[in-house]
Structures are given as structure tokens and as C-alpha cells.
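Read off the chains here:
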Amino acid sequence: MRGYITKRLLIAVVTLFGMSIVIFVLMRLAPGNITDIIFESAGYVDQEDKKRLEVELGIDRPLPVQYGAWMRELLSGDLGKSYHYELPAADIIKPRLPVTLELAFLALAFSILLGVPFGVISAIRQDKPLDYVLRVVSLAGLSMPSFWLGMIVILLLVRSFGWIPSVQYVSPFDDLRANLAQFFFPALAVGYRSSALIMRITRSAMLEVLREDYIRTAWAKGQREGPVVWRHALKNASLPVITLIGIEFAFLIGGLIVTETVFNLPGVARYLIDAIQWRDYPIVQNLVMLIAVIVVLANLTVDLLYAWLDPRIKYGRP
Amino acid sequence: MTRRHLVGPLVLTSFLVLVLIGISAHAQPAKAPKYGGVLVGSPLSAPPSLSPHEEATISTVQQASACFNNLVYFDPAKRQESAETLVPELAEKWSWQDNHRNLVFFLRKDVKWHDGKPFTSKDVKYTFDMVRGAKDAKGKLRVNPRKLWYANIEAIEAPDPHTVVFRLNRPQPSLLLMLAAGYSPVMPEHVPVTEFKNKCVGTGPFKFKEHRPGESVEFVKNPDYFVKGRPYLDGIKWVIIKDRSTQIAALQSGQLDVTGIGWNAANVETAKKGNARLVVMEADSGVNDNLLINFKRAPFTDARVRRALNLALDRKAYVVGPRQGAATFGGAMLPRPSGVWGLSDAEVKKLPGMGDAAKQKVEAKKVLAEAGFGPGKPLKVTVSTRALAIYVDTASWVVDQLRQVGIDATLEQIETGVWHPKMTRRDFDVALNLTGIGIDEPDANFLENFRCGSPRNYSDYCSEDIDRLIAEQSQILDRAKRLKLVHEIDRRLQADGARPILGWGKQYALLWPHVKNWVQHTNSIYNQSRMQEVWLDK
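Chains as they are written, first to last, in my numbering: chain S, 2 to 319; chain U, 5 to 542.
Hints are computed from structural coordinates only; laboratory data are not their basis. It is possible that part of the hints are untrue.
Stated by the list, open to error - Below are the DSS-like pairs computed for lysine-lysine, each with C-alpha atoms no more than 27 Å apart in a straight line: (1) U:K121 / U:K97; (2) U:K276 / U:K510; (3) U:K488 / U:K232; (4) U:K151 / S:K52; (5) S:K82 / U:K144; (6) U:K203 / S:K82; (7) S:K52 / U:K300; (8) S:K52 / U:K139; (9) S:K52 / U:K144; (10) U:K277 / U:K97; (11) S:K51 / U:K139; (12) S:K51 / U:K203; (13) S:K95 / U:K241; (14) U:K354 / U:K365; (15) U:K113 / U:K97; (16) U:K246 / S:K82; (17) U:K35 / U:K246; (18) S:K82 / U:K113; (19) U:K300 / S:K51; (20) U:K144 / S:K51; (21) U:K203 / S:K95; (22) U:K213 / S:K95; (23) U:K113 / S:K52; (24) U:K82 / U:K485; (25) U:K246 / S:K95; (26) U:K142 / S:K51; (27) U:K520 / U:K276; (28) U:K142 / S:K82; (29) U:K520 / S:K51.
Model the full structure from these sequences, guided by the hints.
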């Protein structure tokens, strides 16, 4: 087990190193840099002042030198300074991260709470009216982009009740109820799409397991439906579901940009777009690296959960 | 007098009494302003900084103006900005001396910066030495978009703590108006200008409270404000909402009191449909759509080609097409009645592109043929523009118009970050551009956009004669005489196709009826955000 984890961690480190190069290079491939944008907003370009700014920010140096400087800072825990706001990058990222994480966790909670039970019910009521209804609901979830759903939700709320969730962020530590009211609809909009995916995978995995011999034996022994379905079948059907949940969580962290924009939540995803537009390299590089770390950790967690769910899986053995 | 004779006057008197009762019942007595409340607004976008001198966006001016004061300012209560609507702020009074070569300001003695330090003439000298890029300036701006405004200042002197003298190379009455612009606040000498990226220390009616980059900017009432009894509000909070439909919904649901100027007519219509009580504010934004034609690149060096391009663009179609009715025709200066210096209606009607569309297109084809272009050898033109919807919509329309006269036009969308570098390199044939003018003043406009060698004269249009006239009009003290010369310059700029103006777009703001004393200026959106007179009737 320890060997397996070590190996996975090493792979994670190599992956993150590769990611860092991709992020660094891609940002430099985008046309223009922060000085172009600054003069862009001023409506003219003074070449002398522009050059001076580039030197000041260190973006006149060769790319390998810039990359080395970034890595040195990153490994020493220093995220650098935002070019745009001239504030420590950590000070900008820190207050935004909990917003995105809260939205991602709540959305994931919605998707699991809706997707897993509906998937199970759909499987055990296969080809019955309820199954068809749930499959239509699932297909609708897959067909509707979450940001579009978010916009529709906002329009419906304002039209019907003259109310929308607060457009000013409310911290859960200040007012938990208001915070949950603010996050309920965006989490539901995002979670609905994920729940549709989870439901479909749960349904197909359950259908497969329900045809296994040990389940038929359990039915033959006269066991009640509840324990057979929820204890025996679901546990064994959950491997692909857990994998999907892990992937969905990773996707959510980086994929909330539009939802955060529509519901005006000041998370990292929305801010990432600002930072890209300003070519604010320290912010973009460190934020994307952060998302990469979360994705890698989510995958690692999923892999480790396999052993708990299915004891037949032994790590470190052929 | 018989009873019959009494009936007529009696009926008339009764009628008049009833009318008077009706009028008095419907008349709204002017309400006394109320103190208190925090105004929550949503601007067009997040401010890149709170340093107006370093920015060229309404976002910064609108959100930071409440923190600052100018020497003089445009009267917030008057809708049209002009020399007649200037009011004193940090300057108690001012005086032109030495045949308008010296402008002397006598400053208020009761003003303190928000950090408690006294405001003096040194702060004024520091600010405007920095902005004009004086060699001995104590501060340096990272970016200095309006340096040209102050190019005529020879020196600034502060003979005592409450007197400032602006010494000019030549008379320039417009200097006072440029000093009144939202872009021209006085900054404190003791606070480095770099700190204004994220905070603000001013003398204005509101003190800085918090700036959450990309999220919100908040101000609280300055209890020591030098204008007694102002401001009415306890604070102002600008909430950044990027999605326009969310912004509309937030306004309709009552979470916002006002949305920043910058909406188009379609946004306003949508919001009004949701709540008819919302009040619409319309303004001629001082922003025009124009065509940049590269004067240094063949075949656009040929005046006939430039004239053909100008004639091909039917301005009436522009207003109903890309601008959806929310624009006005005009020349280089904002058209009347909103603008002060615009050409008369009769003159506007004579401008290229304003006549009968079919006839003008025929003429454009004829001129092109004279220049050697026709069906066998079409003129190829790339129309460049920024990859933003407000630009692309109009540029697509331009491409269509040019094709109608046989020009082989294609659209090139430029990523916004490299737009001005590309324009500065003159790396374009023809470009669709938007130009915002900070104040409705010929000097601010002509010096920036039409003078030979100006950094923003992207077309490289250069006429010594026009430069001479620009300098001449700048010095004229008699308003009527100056207006005449400004019109002459405008007509010639349009005839030369220096930067063909398609039209001037209108912008809108929406607010709830409980927001009082919010007066939308008609000829600029940049110079009205002090907010000291605004109050909430809640």
C-alpha cells in the first residue's frame, strides 16, 4: 500500500511539473502581456514607458529565467505578486478559494444526493414508467449547460418572486442561512448536470450487479429488497460511480467559471478569467497549478477509496 | 346683474377653482433631502485602479470620483457641461491674469486629506507637474493618457500654501475645463501614486473603506468634508456584476439602487419590462464610432480612395443597424443639442455619408474607378477591429457597406490586448474604432486625435494647416469666434476623411425612483460622479 501511494505521489509530482511547463508556455503564447493591456486601457502606447514597466515586472527576461524564478518562488511557498493589482497573489487567491470550494462541494452533494438514489431506483424499476421519467430527467440534465440553467433560474426567480440570491457574497461565518440561500441555486444548477451523469452510471452499474449470481442467491434466500439493493448491490456497483464523482469534483473546481459569473460569486474560477485577460501571470500560473493539484489529489483519493470499497483490489501487486 | 348673467362667471370661477385644486393636489412639493443610507450601484466593469490620472476608463472615474476633489468641477446639477457650469471645489475662486497667460487659483483653507493632513498648494503643484510630465515632478505616473491636455503649461508655482499659479505658453481658456474633468482630481503629495492602485486618499465627500479587486469598492461618508451638510449618503458601494442579465435581475429585485452608465438601449428595454417603475437616464456618452484609415499605407494615401470609403458608409443605416436607433449623427465634436461645439443640423446633413444612400454609393463607385479600382480590379480592404461585440457588430456593418460599392472587404478581429499596439504600429488598412472624449471641449478632442504626431492619432492624418487652426482656436477667448473656427476645423476634418465619424452612441443608466439628485449629464459621462448631492428617499 505504502509503495503504491509513493508511486502515485511520484507520478503526481511529474504530472504537476509537466503541467507547470504547459501553463507557463501557454500563457506566453497568448498575444500581448500585462504592459500591452495597461497601455491598451490607456488608449496609447509609449514604448519607453512600456519597456520600463516590462523591466520592473521582470517580463523582459528570457523565458527559462522567468520559469526558474516562478518555480523557486512556488517551492518556497511564495506565490508572487499580482501584476495587475500589485498585491500578493496569495492575498487575492486566499479569500476566493473557499467560495469555489463551497460551491463545488455543495454541487457535488446535490449531484450525489440526487444521482445515486435516482440511479438505483431507475435500475430496480427498469423499463417501468418511473424508470422512463428518471431517464428523461437525466437526459435533460445532460443536455442543459449549467450556466444556461443558472440564467433561467435567475430569470424565473426575479420574474416570479422579484427576488434573486444575493449578488454580494455572504460568508458562512457571518450568516450561514444567508450564505446557504446564496449558494443553493448555483449549486443546484451545477449539481443537476453532474447528478444526471452519476445517475446514468449508477443505473448501468446497478443493472450489471443486479444480474450477478450472489444477488440472485440473496433474492432466493428470501432477503428483503432493501438490504439486497442498498447493502449488497450498491456497494459493489459503486466503483465506477466513485470514479465519476472524483472526476466530476476535479471538473467542478475548474469548470465553475460561468456559474460563478452568472450568480456573481467571487470565486477563483471567475477571477481566473480576469487574470487571463490582464495577462496577470503570477495569478494565472498559481491558480491553474492549484486546480491541477486539486485534480491530482482528487484522482489519488478515488484510487485509494477502491481498496476500501472492494477488498479484492490489492495495491502494489501484479 | 340678472341671475342669468351670473351663471357664466359662476361656472367659470368654479371651473378655475377646480383646476387650481387639481393642480395643487397633483403638484409634488420639493422634498427636503434625507441623510443616511448606503447607495448600492453596479458599474460597467471593475476599476483597473483608483487612480484616475492613470486610466482612460469610465469605471475608474465613476467609482473613484467620490473620494476626490478637483480645483473646479462641472456643476453636478446642470445637465450640459460647459464653461458656464463650472463651480469651485478646492479653489474658492480663480483669476485669469497677464492676458490669459496665467491662471491663478485661490484655494480653500479648510480642507484636509482623509488621513488628516492639510491640503495645500503643494498638492496641486505635485499633481499637475506629475500629469504634465515636468522634469522636476516629484511623482511619476505609470501610464499618462492625458499628458497632452497640459502640454501648454510652462510652469506651476505655489507662492503660498493657498495660491497656485499655472503659467501658460499661450492663452488657453479650455484649461479650466480640462481641470474640471473627472480625470483631473488633485492628489496628495504625501501618498505615493502607486498606492492608488487599490486604495484612495482624497479630500472628497467619501472616504475609502474597502476595495476587493474585481468584486466591490466601498466608500463611507467623510464627516470632515469641507462642504457643510454634505454628503447626504452614509456610504456608497459599487458591486461588480459581470453578467449583464444578472445585473438587470439584481436591479429589478431591488438589490441595486442604480446601474452605472454604459448600458445599451436593449438592456434598458429588458430591465424596464421587468419593472416599469425604474427610471431611465439617457446620455450622449461622448463616445463616437469612427473609421481609422491608414494615411501612410497605399492605396489609402490616395484621397479619392479615402473619399470613396467615406461615401460608402450610409450613416442613417448605421443608426438603425448596429446602434439600434441609439445614436446621433455628427462630426468630430459631439452633435447638438447635447454637445456644445457640434455642427448645426444643416451642416451635419451635408457631411459625407449623410446624403441619399444610393446616390452616394454611385458616387463612391465613380471615385473608386477614377482611382483605378472597379469590377475587374476590386479594392481589397481588411477592416480590423477589437474582438468585442460592440466593435464587431459595427465593423461587420462596415464590411457590408463597403462590399455594396464593390470593395473586397474582409473583417479582422483583433484580440483586445494587442489592439492599441497594432494601431500604434499602424499595422492596419482600415479599422473600426471607438473614441471616448473625456470632456466636450475641442482642445481635448483635437489635440488627442487629429494633431500631427499625437499618440492617439492612429490614422496618421497630418495637416499643417489644420494644426495651425487647432492652435489658433485654442487661444480664442471669444466663445462665438472660437465656435466658428471649431466648426471650420470640423468641416475640414470630415471633408479630408481624417477619421470619418459614423455617429455618436447613446448610453443609458437605470435607477430606482428613491435615488434623488442623480443628474445625468448630457454631453459626458465622466464628470458627474462626486455623489455629494445624491440622497435616498427610503
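What hint numbers does the structure not satisfy? The structure conflicts with hints 3, 10, 17, 18, 23, 29, although it agrees with all the remaining ones.
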